[in-house]
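Asker: Here are the chains, one letter per residue:
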Amino acid sequence: MLRFVLTRVSLVIPTFIGITLLAFFLIRLVPGDPIETMAGERGIDPARHEQLRKEFGFDKPLLSQYGVYITRVLHGDLGKSIVTRENVSTEFAALFPATIELAVCAILFALIIGLPAGILAAVKRNSIFDHGVMGVSLAGYSMPIFWWGLLLILLFSVQLGLTPVSGRIAVQYFIEPTTGFLLIDSLLAGDFDAFKSALSHLILPAIVLGTVPLAVIARMTRSAMLEVLGEDYIRTARAKGLAPIRVVAMHALRNALIPVVTVIGLQVGVLFTGAILTETIFSWPGVGKWLIEAISRRDYPVLQGGTLLIGVVVMSVNLLVDLLYGLINPRIRHH
Amino acid sequence: MNPQFSSQNTAYDVAAQVYERLVATERGGSQVIPSLAESWTISDDGLAYTFKLRRGVKWHSARGFTPSRDLNADDVIFSFLRMADENHPYYKVGGGNYQFFGEIVKPSFKSIEKLDDYTVKITLTRPYSPFLSALSVEPMSVLSAEYADAMMKANTPDQINQIPVGTGPFSFLAYQKDATIRFRAFADYWGKKVGNPDRMALVNDLVFVITPDAAVRYAKVKSGECQIARYPNPGDLPAMRSDPTITLLSGTIADQSFLAFNQQKKPFDDRRVREALVYATNIPAIIDAVYQDTGKQAAALIPPSLWSHDDKLKPRPYDPGKAKALLTEAGYPTGFKTTLWAIPVVRAYMPNGRRAAELIQADWAKIGVEATIQTYEWGEYLKRGRAGDHEVGMFGYTWDYPDPSQILLTGWHCDGVKSGANRARWCNKEFSDLLTKSSTISDQAERTKMFVRMQEIFQEDVGGLLFANASAFTPVAKSVKDYKIHFFGGQPFYGVSLAK
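Taken in order, these protein sequences are the chains called F and C. Quick note: the first sequence uses the numbering used here, first residue 1, plus one each step. Quick note: the second sequence uses the numbering used here, first residue 1001, plus one each step.
So here's chain F without its partners, still in its complex pose (with noise of 0.2 angstroms):
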């Protein structure tokens, strides 16, 4: 277990330095000055431009510019960002939290819905319920984002009215922020309506990026339960005259499940992808909406260390899978 742990953990390092080496190189192939871009229109005296480009570091050459940046990494420095002048880990500390109460929103839903939809659609193979399944799910992964998220706001917040358009809570409820959960937060304060506003804030959002996921889920949930569905022991213990329920959730899903556990987790890179769109769309205040406009700014401290951040994440969430799987299933461990 020790050797296997170990293997996974060295695969890490080489995955972190290919990370700065992508989020430092790729925006700066995107043309684009950043001084340039800030001061708009008006332009800059080029004396100042000079020596704002010497204040942020981008007079030296790409190489010594990478040097530096990866040296301050090391030491947990990520920079500040040349807009707001904030450390970026700052304004990433703040900003995460909201990410991901949404993206755990998200997934909940996925799987609420994805879950049930995918056994009964293998259970009920080929009927209409089925294909109502896969054609809906086929539907949802393909959706564009955007367009499915302002689809969801003229229907359910402009003309039904049910739900807030965007926002993480109505205006007149302020919540100093003592974990950055909000529905966490408003219930430490004691406040249940804002509860209330933060949960009804959060339906639409969720949805709209727990669409993907949901499909993903259901339609590997079925294929799994399918496979398992028709291996001897489950037609043994039909034989047996078990009750179909049990044969189902308690001798098949167990099984088809081990695959589904390894896509939930795979999930996670796909929803800070789908963060992006959907927080920029509902004006969640997450790390999404701050990386589309770093990118807009060309605001390379912010996108450098950002990127470096949310990859630091979704790896630490596939290791932990890794390992998890490697401790549930022990023939991975030995491979």
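Relax, there's no trap hidden among the hints.
Okay, derived cross-link-like pairs now, PhoX-like style, lysine-lysine, Cα gap no bigger than 20 angstroms in a straight line:
1) C:Lys1429 - C:Lys1449
2) C:Lys1110 - C:Lys1121
3) C:Lys1092 - F:Lys54
4) C:Lys1106 - C:Lys1121
5) C:Lys1266 - C:Lys1337
6) C:Lys1092 - F:Lys80
7) C:Lys1449 - C:Lys1314
8) F:Lys80 - C:Lys1177
9) C:Lys1437 - C:Lys1106
Don't read these hints as lab results, they were simulated from the structure. Everything numeric in this text was worked out from a predicted model, so none of it was measured.
Position chain C against the provided structure of chain F, taking the given hints into account.
Answerer: For chain C alone, kept in the frame of chain F given last:
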């Protein structure tokens, strides 16, 4: 949160509620009016400005700071010197990048002195008449010297840049990154005693809800979550007009949008070629297709929203025949090839650069001028435009303060050719001399005559091709009263009320 560092409209919008300056621009207008200075005098040589400060102006409070005194001359002096004096203890706090002060005020600023507790005198190195209106812009806000001292003593000097303490009608309450900025009506605001509702906070709470998507902003007003949505999608305007739940407010902004013929490149150094291209461009068709009803064709270099706009000037009509004749006269009977830069971003002054470029390309083809459309990422576009890489390019400017000279000095003076801010690299000596002279005279009537003459010169010499004077739109809920679209600096929310 400190407007001294910023040139961004978003920072100006916060400062417009919280901070005040010596002078202000009337809400929704272009006249400079008294603010923290009750009155002022300008010496005959235009070098000394003496401001009499208002008495009884109270400061907001903040975490770890309760003001013990009213505004006085020390605050004004602190606010100037922390930007002007590199040895000032606060100069470096927050990065030391005072863009507006450095570019607009500093070149003519010499000194500031306290004549008594309520009188300050600012001396300039040269007469510079736009100075007064430049003082009305948010980066020239007056900060509390007492707050700065207290924070320096507490070893948290940067707090003055993070938690604003001003004298404005709203005090700052909280900022939640990328989510909301909250303000509360300031109970001790001096404007209340003066009794001018136009300067008072008429709602108790003001919340800026940061919402980057225009369609979502519109939906928030429709659903009643917000009352005012700024910067709407041009495509949503027809729906907003017919929407019974909202009022669509509009006003002409102080902007320029133009096609710059790079006059350091042939054949654009020839006035006849430039004039031919103006005649060859069907600008009304561009206005219809690109601006729709968000802009009117511009004839004069100074927009109608600013004083000294010349309303007698008429644009050259669309006349391909005349264009062809002029080109022949200039020695290009069969036309020539050129590149045409299309602006890559959406701006009020140019809602769709690509579409406009295509229309121009088609118009010019009719007189044999073959234009290839080119564009770059915005920062790159600006950088290359500054370097003069373009032959013909779309550009635009928006005024920050209500003095006609601001954008003329930046964009059209001969000095701007060297720095590249003069995108057309058009250098007309008579125009530039008049512009330089107009900045040394305080008499507005005399300056108006000069600006009118400059606009004539621009048209005669075809400095560039002017597109439109654009309008800004703001959808507001029916309950919003007295919201005025403001064009210079931040948008004020004082004077705005909600019907019950």
